[in-house]
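Peer 1: Residue strings, one per chain:
There are 4 protein chains.
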Amino acid sequence: MLLKSLREEVLEANLELVRRGLVLYTFGNASAISRTDGFVAIKPSGVPYEQLTPHHMVVTTLDGKVVEGDFRPSSICQLTFSSIGNFLPSAALPTRTRNSPPRGRRRGGPSRVSGLPMPTISMDRFQSLKTLHPRKWPETTRENTGAAICRLFKDSDPMAIPAALVAGHAPFCWGANAAEAAHNAVILEYVARMSYYTLAIHSESKSLPRELHDKHYLRKHGDNASYGQGPTR
Amino acid sequence: MLLKSLREEVLEANLELVRRGLVLYTFGNASAISRTDGFVAIKPSGVPYEQLTPHHMVVTTLDGKVVEGDFRPSSICQLTFSSIGNFLPSAALPTRTRNSPPRGRRRGGPSRVSGLPMPTISMDRFQSLKTLHPRKWPETTRENTGAAICRLFKDSDPMAIPAALVAGHAPFCWGANAAEAAHNAVILEYVARMSYYTLAIHSESKSLPRELHDKHYLRKHGDNASYGQGPTR
Amino acid sequence: MLLKSLREEVLEANLELVRRGLVLYTFGNASAISRTDGFVAIKPSGVPYEQLTPHHMVVTTLDGKVVEGDFRPSSICQLTFSSIGNFLPSAALPTRTRNSPPRGRRRGGPSRVSGLPMPTISMDRFQSLKTLHPRKWPETTRENTGAAICRLFKDSDPMAIPAALVAGHAPFCWGANAAEAAHNAVILEYVARMSYYTLAIHSESKSLPRELHDKHYLRKHGDNASYGQGPTR
Amino acid sequence: MLLKSLREEVLEANLELVRRGLVLYTFGNASAISRTDGFVAIKPSGVPYEQLTPHHMVVTTLDGKVVEGDFRPSSICQLTFSSIGNFLPSAALPTRTRNSPPRGRRRGGPSRVSGLPMPTISMDRFQSLKTLHPRKWPETTRENTGAAICRLFKDSDPMAIPAALVAGHAPFCWGANAAEAAHNAVILEYVARMSYYTLAIHSESKSLPRELHDKHYLRKHGDNASYGQGPTR
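Chains as they are written, first to last, in the numbering used here: chain E, 1 to 233; chain W, 1 to 233; chain L, 1 to 233; chain Y, 1 to 233.
It cannot be assumed that every hint is accurate.
Identical copies carry no separate label here, and so any pair may be met within one copy or between two of them.
[Said to hold, decoys possible] Keeping only pairs whose Cα atoms sit at most 27 Å apart, straight-line, the calculated DSS-like set for lysine-lysine is:
#1 K154 to K220
#2 K215 to K65
#3 K215 to K130
#4 K65 to K130
#5 K215 to K4
#6 K4 to K65
#7 K65 to K220
#8 K130 to K4
#9 K154 to K130
#10 K4 to K220
#11 K4 to K154
In case anyone wonders, no lab produced these hints; they're calculated from the structure.
Please read all numbers here as calculations on a predicted model, not as lab measurements.
If we strip away everything but chain E, and leave its shape as in the complex, we get (with noise of 0.2 Å):
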């Protein structure tokens, strides 16, 4: 079986979304590329997640095509497959990013709500979000949801924005592994939701000041991070 580990990855990263109740029967995917063996493995199409094994998972090149896998991939994968080549371009992202750029999808929930611009509340994982707006852009065929996703982060850092929302659409997230991509969708859920609440009751809601934002954005990411359990200093 290739790209066993990869594809046990990108099974947690799916029943991740299952357990945080991001998606609904078979709704929603996460996927994983392997870019020094140029692969991606990804959620069949139409699998109940209960089924789901390391088996399951479709391994295929890098424009789409099956080579290991008794499943059709999920579409969505399709979709977005040849940009997100294009939008985590090697320059500008860390080796292991490189190595494995892969991305979360789910739908459902706040974040999925009408294209209105989110209050963020101290996204210490998102610097700030982006939405694209289904009326803005030309939509033609399935590929350009992701063309235009690459269109919109074409002067910004996507590690820094790890995500897209897509109005009327589930938002597409990703990161620099499998793992990461749902964490910042679960992050990305519970942020949309807390803004939600807040536009509920005052629709007039401004975001935090810039400065307040990027201290916390600043105390996990860039090179005075505090956060977590690196070397103390």
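With chain E's structure known, arrange chains W, L and Y on it following the hints.
Peer 2: Showing chains W, L and Y alone in chain E's frame:
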């Protein structure tokens, strides 16, 4: 015991509604029809879900006479019974559906909320939605809810819109079999929740553009469907 | 141990409130009265639910004197105690109720929200609802909440409306026995949640037409009731 | 191992926050102080809750120096550390509190929502609530959040109002020990949820009359308290 597998299918659909949080106590029910036998399997009225076995299901004729069963059938099934035969006409449906056009039903949650239009967000399952406003139909007898739903669908394919929203009431859902009817009820509730979130913070929300909606619907339905584990094309 | 089965019934009603998510920590309680004995079984005050056994229940006289029990009874029961005797008068209630007119009580959730009218959606259990607005009744002593509820029901049948909404407070619910009181509390919360959803997106929502409301209520109550597993007619 | 029972108390308070759904992943934490030892037991930073044992807790001095522990303490504890000593001054607090004035903290949910006033509904635990608006205090260093909370309480008894709402941030909660701090955090969130429901459907909601509020608060606090299993009077 008549219709053993149909009884089991109906029981399982009822339990799925419970697992998904769509019913409270004895509210709501799913039932199924066997066109070849001319019988219906129905959940009994007022029996707690946790006690239900296939034996509890009541088998009736198409006009509601009990054929086999120690319990009184759910009155709501009698209510809509004759009309189901009408709005699932044999000509419009695939064979399997003609043999078992059942329907699920449940109370509660956002889908039951006032008769406002739902911004229909990427509904792969529902080509569109139809709502019955009680103030607009003459409500004199129990049979009228079913008859009113029939009139509502007289120019539509009920399998492309497998649910009727009823203002001030739980929606009525159906499908090719009891499992699919329950599945549709769960998805409808999920979509209704997203519509609720959207309307709560942005009461002027519009539906997505029709082209985008069609793209999602047609990805799973019709001759060009590409989703799931059918034969790879 | 006095009133063993009544103690068990009260414990079970309290646990049902916990299972349904209606209580937090030691908030809320259910109790039951034995008219033949002239005693009340009450949950003790401030004891965590997970530790409760029938032994913890406190038996008091109708005027609140402890007859048996190692614990202090919930003060909220003492609060409403004498008035319960008033607003459940023997003449207005069926026999069984006269022997045990208990009441459940719990805090939290939408039913406790500000004293806005609830659009009463298909309430099979409640002919209508009554709300006590604290600003409208002289609140000087603890006994007044019970007395105020009595005044609220002086021209109504408390068994047709087995709950009182109290603005800024949890509702008070009752029934023919402790289980039914808890059941009514759960249903009230569920209906309140739907009313909340409705008002949140459509603040001008009106109740359903009275005829429709009566049809649902009378399906389960009175001489022409047809719901449940009574003798088939 | 230093402060074994304090470590266990802190771990248990952290787990209570998880059980009650107040934390996501490694967000939020509870810690406790031993005034007699002059040490603090703190949850480590960024370690998943499901892996935590008493051993993981970090013991520090009052000015944040690690005394014992293999992990880096939660930075948020360091953040507020020196100020806790200030706003829980020995003179104002009962003995036990002086020996262990800990505080819980968690992120998320309605209590974290924008700095609108909460209609304070029957808060037995909170005499009133105080909110820190970030736009109103100079936010230049980490220490400022704690210092700002101290200023906010300079004329108030922190044990009568055992929490500070911080707009755009999780609230800070405290109590006589870590368990009580967690308890207060859970209750605050619950009350915040009710306030949210109220504001969502009635944005002009006012607090209950002060007399009614005092009645509920004084039922559980002060010389005339009557709630719970203290000696019967």
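Peer 1: All the hints need checking, so say for each whether the structure fits it.
Peer 2: So, going through the hints one by one against the coordinates:
In this assembly of identical chains, K154 and K220 lie within 27 Å of each other by CA distance solely inside one copy; the values are 24 Å within and 32 Å between copies. Proximity of K215 to K65 under the C-alpha cut-off of 27 Å is restricted to the inter-copy arrangement: shortest distance 23 Å between copies versus 44 Å within a copy. Both within a single protomer and between protomers do K215 and K130 lie at most 27 Å apart by alpha-carbon distance, with minima of 20 Å and 24 Å respectively. In this homomeric assembly, K65 and K130 never come within 27 Å of each other (Cα to Cα): the closest approach is 30 Å inside a single copy and 41 Å across copies.
Taking the shortest Cα distances, K215 and K4 never come within 27 Å of each other, neither inside one copy (40 Å) nor across copies (35 Å). Proximity of K4 to K65 under the C-alpha cut-off of 27 Å is restricted to the intra-copy arrangement: shortest distance 18 Å within a copy versus 45 Å between copies. In this homomeric assembly, K65 and K220 come within 27 Å of each other (Cα to Cα) only across copies, at 21 Å, whereas the closest approach inside a single copy is 38 Å. Proximity of K130 to K4 under the C-alpha cut-off of 27 Å is found in neither arrangement, the shortest distances being 34 Å within a copy and 47 Å between copies.
For the homomeric pair K154 and K130, the shortest alpha-carbon distance inside one copy (12 Å) is at most 27 Å, but the shortest distance between copies (42 Å) is not. In this assembly of identical chains, K4 and K220 lie within 27 Å of each other by CA distance neither inside one copy nor across copies; the values are 32 Å within and 30 Å between. Proximity of K4 and K154 under a CA criterion of 27 Å is satisfied in neither setting, with 33 Å inside one chain copy and 53 Å between copies.
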